[in-house]
Each structure stands twice: as C-alpha cells, then as structure tokens.
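Novice: Letter by letter, the chains look like this.
Protein chains: 2
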Amino acid sequence: MNQTTAIQRKTAQLPAAEIKGITEQQYEDLLWMMVEEALSCSAHDIDHVRRVYKLALQIAGNYPEVNYEVLIPAVLLHDIGRREEDLDLTGRTDHAIVGAAKARAILEHMEIREDVICEIQKAIVTHRYRSGQGPASLEAAILYDADKLDAIGAVGIARTFMMAGQEGARLYRKVDLDTYTAENLTENGRIQNQEDHAPNVEYMVKLKYIPDRLITEAGRALARERASLMKDFFDALDREMGE
Amino acid sequence: MNQTTAIQRKTAQLPAAEIKGITEQQYEDLLWMMVEEALSCSAHDIDHVRRVYKLALQIAGNYPEVNYEVLIPAVLLHDIGRREEDLDLTGRTDHAIVGAAKARAILEHMEIREDVICEIQKAIVTHRYRSGQGPASLEAAILYDADKLDAIGAVGIARTFMMAGQEGARLYRKVDLDTYTAENLTENGRIQNQEDHAPNVEYMVKLKYIPDRLITEAGRALARERASLMKDFFDALDREMGE
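Protein chains in written order, with our numbering: chain V, -18 to 224; chain B, -18 to 224.
If you're looking for bench data, these hints aren't it; they were derived computationally from the structure. Keep in mind that a hint or two might mislead.
Note: identical chains are not told apart, hence a pair may lie in one copy or across any two.
What the hints assert, rightly or not - 25 angstroms max Cα-Cα, derived BS3-like pairs, lysine-lysine:
#1 K187 x K155
#2 K212 x K83
#3 K35 x K155
#4 K83 x K103
#5 K83 x K35
Make the full structure from the sequences, and use the hints.
Specialist: Shown next as structure tokens:
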C-alpha cells in the first residue's frame, strides 16, 4: 500500500484542500482500505486494482490535461460493486452501476465536491464494456482502457486460467464457434453454462476482440503488444492440443 | 475414447494374442476406463493422460524399435497412483511407486505376461523426475519425456495457473529466489507452503529446468519450442507486472 501511494504521489496530485480534515495521503489510504474490504473474487481482487492503477497512471502520463482528482478515486473504486454482481445469480446486477452508487456514498461521506463525485461516478459506470454507454471523458476513457488491458496479455491469460481452475472448467474445449455463440452466449455477452466454457473459447469469443475496443492512443499501443502475445499463446495451445 | 483408440490403432500394435479372452480393442478400452476411474485432480486428469498418450505416440514414431505392448499400458496407467499421493498430507507417498503396484494388480488380472508387466512397472516407477532412478528403457524414456512435455509450453502454463486458481494462490509473487529456495523447497523439490507460491515462482524453480531433463532426441526437439514459448510468456508477465 505504501509503495503504491508513493508511486501516485510522484505522478499525480490529489487536491488535499478539497477533503475536509484529512491529508491527501490519508484520503488515498482510506480509499485503498475500503477497496480491499469490498473485493472478494480472485479475478477482480486488490491485485487487479493495483495493476489497473499502475496502467491508468502509465496511460495518463501521455495526457497533461488529466484530472487526477477524478481519475484516482475512479480507478480505486471501479470494482467495489463486484461482490454484489457475483452474488446475484439472476445476472441482472451490473457491478458498474452498483459500484458508482457505493462510490458516491463513500465520497459524500468524505465531503468531496459534488461535480467531482459526478465525474467519478460517470467513469465508474462506463468502465464496463457491456454497458450501453461509452466513456465520455478522458478520465473515463483511461479507466476503461486500463481495466481492459488487465484482461489481456500475459496477465489476461493468467487470470482466465485461474478462473477456469476455480470453477472446475476444462483446460481446453474444441467447439464450433457459431453453435457455441448461438447456444451459450446471451445478448449482453454473458456465458450461460460455465460447464461448456474453457479459456480457449473465452479467447475466441471475447479476449481477442478487446484490443480493438480501446479508446486512448496510449492504451491502444500497450494493447497491441498484449494482443500479439495472446495470439502466440493460444495458437501454440491449439498446436499442442493437436487442433 | 473412440477417437483416441482409433489413433492408437493406426500407429501402434498391441499384441491381442497375449491377452486371454479379450480383443486388443477391449484391452485398451478397459485400461482407459480404469484410468478414468482412478484420476481426480484436474492437473492430472484424464485429459492429461490423453495428451501424454498423443505425445508418447508422436515421439515413438521416431523409433521403430519401440515395444508398444509396454509403452501403451505404461502411458495409460502412469498416474493411477495420483489420488493416493494427493490424499497423503505427510508428503511421503510417491504416486509413481503406488501407480506401479496398482498397475501390476490390473495387468495380472488381465493375465499379461510377467516380463511385460515388469517392463511396464519400471516405466511407471521412473516417469517421475524426483525418483532417484532414471528411465532405463526406450519405452520408459518416452513416457518420461511425454509426461514432462505436458508440464511445459502453453499447456504447462495453463495447468500451472489452473492449479493456482484451485488452490487460491496468487497470480504473481515477487520473491527473492535464493531465500525462497532455502525456506520453501524441501530436498526433493516439494513446496512446503503453497501460500508463498505462485505460477511465476513455479516457472523459476521448476518449469524452466524441465526441457534440459528430457531424454529422447525427439522429445528434446518438442521441448525446445515449448521452452521458448514459456520464456516469452513469463518475461511478458514480468514486464506487465512492472518487475
């Protein structure tokens, strides 16, 4: 936690003056603590937030006009609605919407300015690519790109197989993609039956399309390298499986 | 099952005449059934046996002198002692030794010739790289190499992360390798505390050394390609994690 805060302090400035009674350092530490508390599932754990945080600052470094007062809380709080979504087996809960509401409660309690809270909420709501609305500000676009980057590349491969291990899914499935898409994907891209799923299928129906969806030029540059690594990996996996 | 048996029937010949009262096809089907029954853990499940089977036949294709009467049962039965090892929390049970004993019981029941059973047992005992004894026949060397090949490359990466997911391990750990080796590895290479482990550590202490341990020239050629993919992957993971 101290290490990450140190990185942030070097690269970003949070307006301590906005927060009544606590320092900038205390504000960010408080946010980190609340995030750690709120996260449970291993694919979206605190390590995911740390990686997204680093990526967001890396992308933001290319844009001098970034408002860190919006970006940093948005990044830290973007997944705090995850647990509610995971626990809702009907699939109707959207963690981006729940997360934005939970973020507002936290930020109001900290007496953050209303216009800043609104911008943070917008970034959180639109960080999810299945949401109808796309990111409409630079800060929202950076959060969106950083979150997507953590789902691809070597980290993306690692997370996909770890989830497969947790869910008892198979390592590999040979599927007919058209049949699979018709039978096992809902309109908003949810997988209906996890038992018919596998990481190589996840790559074919989802991961390989993520790089094209990125918004910022800096994010897209990082995505190109990660896309190429994923292609090499899943091509090799196909060869090794004899497919 | 039918598909795999078809592959085998094209490339190998089991001496049906040796098995009293059942055909060659029935013999292999019976072995597959018993293996499926005996395997539980997902990293060494029936899919692992299928992949090792394919790899063993691929390697064997380079050696006209291979005795398939020994190789095929050895490959099919090589992990049937896994469950006993997994359930023994003292770490003293060696699945290669247990597997060889279980294989003898099965093969005797099928009235397989004593000298053939002995060769199959030797291959099973020595397939494990931590065993003191190395593989002493061509068939034992092929089983050893095929089993090790399935632990590296894209499949090896996939299996490592799936296990990490199952065990609730972390995706990545930054460790000092000397300290880690001194504190967390026993003499025979066992990991003492899974909580201090992670796939990138597994690569550094184990996976990267596997390609050098292969025995057959054909196996080593396959290992070189897989080694290079693993290096690219874990180098990329280090970069993405900012290490």
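Novice: Against each hint, give a clear statement of whether it holds in the structure.
Specialist: Status of each hint after checking the structure:
In this assembly of identical chains, the alpha carbons of K187 and K155 lie at most 25 angstroms apart only when taken from the same copy (16 angstroms versus 29 angstroms across copies). For a Cα distance limit of 25 angstroms, the shortest separation of K212 from K83 qualifies neither inside one copy, at 37 angstroms, nor across copies, at 42 angstroms. Taking the shortest alpha-carbon separations for K35 and K155, only the inter-copy value of 16 angstroms comes in at or below 25 angstroms, while the best intra-copy value is 36 angstroms. In the homo-oligomer, the alpha carbons of K83 and K103 lie at most 25 angstroms apart inside one protomer (13 angstroms), although the nearest pairing across protomers, at 62 angstroms, exceeds that limit.
For the homomeric pair K83 and K35, the shortest alpha-carbon distance inside one copy (23 angstroms) is at most 25 angstroms, but the shortest distance between copies (52 angstroms) is not.
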